[in-house]
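Engineer: Given chain A, put chain B in place with the hints provided.
There are 2 protein chains.
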Amino acid sequence: MTANSLGTDGRRRMPTCKTLSSAAALTAFLATVSAADRAPGFTTADLRAADTLRERALSDSTAYQLVESLTTEVGPRPAGSAGDKAAVAWAVREMQRLGFSNVRTMEVTVPHWVRGEADFAVLAPWPQSMPTLALGGSVGTVPDGVQAEAVMVKDIAALAALTPESVRGRIVFFNNRMERTRDGMGYVRGVAIRAGGPPAAAALGAVGAVIRSVGTSTDRIAHTGAMRYPADIPRIPAVAISNPDADALERQFASGKTVRLRIRSSSRELPAERSANVIGEVPGADRGSEIVLLGAHLDSWDPGVGAIDDGAGVALMMGAARLIKEIGMKPRRTIRVVLFANEEFGTSGSRAYLAASEAELSRHVIGFEADFGAGPVWRLSSRVNPAQLTAVDQIARALAPLKLARGGNQATGGADLDGLVKLGMPLLSPDLDGTHYFDVHHTLNDTLAQVDPAALRQSLAAFTVSIWLAAQYPGEWQRLTAPVPPLR
Amino acid sequence: MTANSLGTDGRRRMPTCKTLSSAAALTAFLATVSAADRAPGFTTADLRAADTLRERALSDSTAYQLVESLTTEVGPRPAGSAGDKAAVAWAVREMQRLGFSNVRTMEVTVPHWVRGEADFAVLAPWPQSMPTLALGGSVGTVPDGVQAEAVMVKDIAALAALTPESVRGRIVFFNNRMERTRDGMGYVRGVAIRAGGPPAAAALGAVGAVIRSVGTSTDRIAHTGAMRYPADIPRIPAVAISNPDADALERQFASGKTVRLRIRSSSRELPAERSANVIGEVPGADRGSEIVLLGAHLDSWDPGVGAIDDGAGVALMMGAARLIKEIGMKPRRTIRVVLFANEEFGTSGSRAYLAASEAELSRHVIGFEADFGAGPVWRLSSRVNPAQLTAVDQIARALAPLKLARGGNQATGGADLDGLVKLGMPLLSPDLDGTHYFDVHHTLNDTLAQVDPAALRQSLAAFTVSIWLAAQYPGEWQRLTAPVPPLR
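Which chain is which? The protein sequence lines are A and B, in order.
Here our numbering is used: the first sequence runs in plain steps of one and ends on residue 488.
Here our numbering is used: the second sequence runs in plain steps of one and ends on residue 488.
A portion of the hints provided could be inaccurate.
The list treats identical chains as one, so a pair stands whether inside a single copy or across any two.
[Claimed, not checked] No more than 35 Å apart at the CA atoms, straight line, and that leaves these computed lysine-lysine pairs for DSBU-like:
no.	residue 1	residue 2
1	Lys154	Lys330
2	Lys85	Lys257
3	Lys85	Lys330
4	Lys325	Lys257
5	Lys154	Lys422
6	Lys403	Lys257
7	Lys330	Lys403
8	Lys154	Lys325
Hints listed in this document are in silico derivations from the structure and should not be mistaken for laboratory results.
Bound-form chain A, shown alone:
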């Protein structure tokens, strides 16, 4: 894992595009825009099968059983852990049990960071200890911990406005509140502090960093998630505290008295470990060389059991492929489920997949990713050549009984498909409702209790119908080689 590749969860750097030149891209793009009205329609048989799949999904318990099994029998599965290896074995076993074809693993080297114990205490003015979690990748401390006077800032910009003298030797408290949104934009806007705040503090001479959790819960449960150390900056310990504790710490600052904090952590990095992407397929018929890619990630953070992040995504993708496999019509295109290794701590799995699949990247004609909880799905978005928006409209009509909104054409997918999307793979995105996702995401509270079986079934229906019709689409899913203009 390199520092470069480890950004926020949502957005990673764009890989080098090797497959198409810009000029060719523009030509292809312009050619297809004029074809908008000629997008071919789905066959009646395919639409009838979509109806059947939707109804079956709405009463199907496979997805719930899968997330129940994964969380109960494997539990936490951070990259490099024993749980990570157990999850790979679980996925192979379950894919075989469900009758997928070409079930295989693709070896992935993953980092192995171990949390250890952490504690966080306010020493002055009013001593209190607060539940904490080290940020993923954070260095540990000496056993007695780091103690220092603290300085509170809202965010990285506010830190940058301070003089180095007011930061040097101190612990910086980043006190930014994340906004609750349905589409996850609150997280996208807030998460930069987790990855970039501690190094920015270190660059000014701080000895430790504590952040208000990038989450929306008022529970006293801290969140975790990846951070990174640039090579040229001292590595300082970094932890998160919950929203109510951040409120309490803010009140201590509001007293005007000197605030002293202590961070203790025994987290450490061990040698890299082997993990694997787990792959299984439902082979296609006449367009079987074309791949409809279904992505989710098998790893989880360690405090919880990864029910919503991303056990639910794993279950949705496996559940959808299974329903399609059993509909009695071979799909035209091949449906490939990829359960990626280590999404959380550097997207090792998706980078390994990109590298190993270089020769067949152009065969990945459209992708789906489920990495945003257990539903319900509230909207259908896309990222397709505008010429093919009429196909998306047709898929939206097949989803009408699920009462979804119609989203735009700027879907971005999640972290694991990001590389493929950047290389031009179109996306269909049944958007999972993220309103409450960040109450639970990356916390010990990510358990099966957070999965609503009915919402999961509704999500399964939305994904299954979308995936089925994407596989049956009578036209070509054209690669995207230029920025996608706004919808209509």
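Structural biologist: Quick look at chain B alone, frame taken from chain A:
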């Protein structure tokens, strides 16, 4: 603290009644029933003042400021801890600042149990560790912990149906789900397992006990609370796990495989410590020798900061007395606020108060207790001589703008006033809504974030008006010396 006195939170044993004989009680009771129609009415001035108090309370921030101050500047304050002593000092200071009269402490000897660290792990069939809390009073374990095969039962009755052979040498998992109710009856029905389950398991030879938390949250946060060891039973370690973890453990049992568990805990009992009840008054006028007693407790459990249990109660009682003090009319009766020491772990404070107040018990003419969260108040209940229900009706009318339900006449108060109530003191009970109380109660999640300022103000209004009119009641609050018949 004796085992006898340490029951569930809600109900303690009845003290010996020394003040009235049964025959005298019955005579007095029969005499007052016939007086029902002659209950005197409140003066217009008193009712106008009640309206003023209600409106002032609805925009008064004193109660919120008090709970904010107590939770921020003192935080956790379990009996015997440094926080306990800090809370006593805080209460004296705040009562003096608010201008109460006769501010004083009453020394109380309290037990000093220290939690230490605890962890809980499923070792087989599928290893997982689960957040846990030792039950208050539980013994610790050797450093490696107690490991054993486990047996799951619903409750104490189900345990009693097992043979000793199937329990001996095992860890017993009590897996009873608490019911969510508005009036706390779900807790009253469920809490017996916490106090009595571990000893019942020990009596059959179990080596440890784990209970599903007596709480309603689906968060992965365990609860704590007092348990007791009878003298003649081996002391085994006892811990609680959260509802989602209990669900997960239940699924491990459902596999049919052997379940092995490990409990580790370093909790221990230290020598008894000194604490204090803190008392302050608003002196009464013509009936100043009569006491309207306002009770709440100053101690808290240690994982949280005691915002709803019982910072809110402390704040409501201090806030109500302050509003009445500042209304410009001296109350007829003396309003006495008692912030009791150590309600949570043996009600040491209320027992000390009873002992120290023996000579003036009959002067405690009516009581209020706030130990059920931060509101809103949804109902007005009582425990008065039926002859005086018309007075309660008049008080209910003064509360009409708050839209309360009218409760029955079987109010029981909380643990701290229980002894006085058993000795015949009437109660008025503005009932705090407990629907969500047990999501938070006795957990680390008991923070200021759980206090809704508007609900707290509404509760302050309900208490202040009720307390004021109780203090102004033109008749006599007659002691209860026989069971109270149902309302109407």
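Engineer: Does each hint hold? Answer for all of them.
Structural biologist: Here is what the structure says about each hint:
Within a single copy, Lys154 and Lys330 get their C-alpha atoms no closer than 55 Å, and across copies no closer than 49 Å, so neither meets the 35 Å cut-off. Only between protomers do Lys85 and Lys257 lie at most 35 Å apart by alpha-carbon distance; the minimum there is 22 Å, versus 49 Å within a single protomer. Taking identical chains as interchangeable, the C-alpha atoms of Lys85 and Lys330 lie at most 35 Å apart only when both belong to the same chain, with a minimum of 33 Å there against 74 Å between chains. Taking the shortest Cα distances, Lys325 and Lys257 sit within 35 Å of each other only across copies (32 Å), while inside one copy they are farther apart (65 Å).
Only within a single protomer do Lys154 and Lys422 lie at most 35 Å apart by alpha-carbon distance; the minimum there is 33 Å, versus 54 Å between protomers. Taking the shortest Cα distances, Lys403 and Lys257 never come within 35 Å of each other, neither inside one copy (54 Å) nor across copies (43 Å). In the homo-oligomer, the alpha carbons of Lys330 and Lys403 lie at most 35 Å apart inside one protomer (28 Å), although the nearest pairing across protomers, at 63 Å, exceeds that limit. With identical chains, the CA atoms of Lys154 and Lys325 are never at most 35 Å apart, being 51 Å at best within one copy and 42 Å at best between copies.
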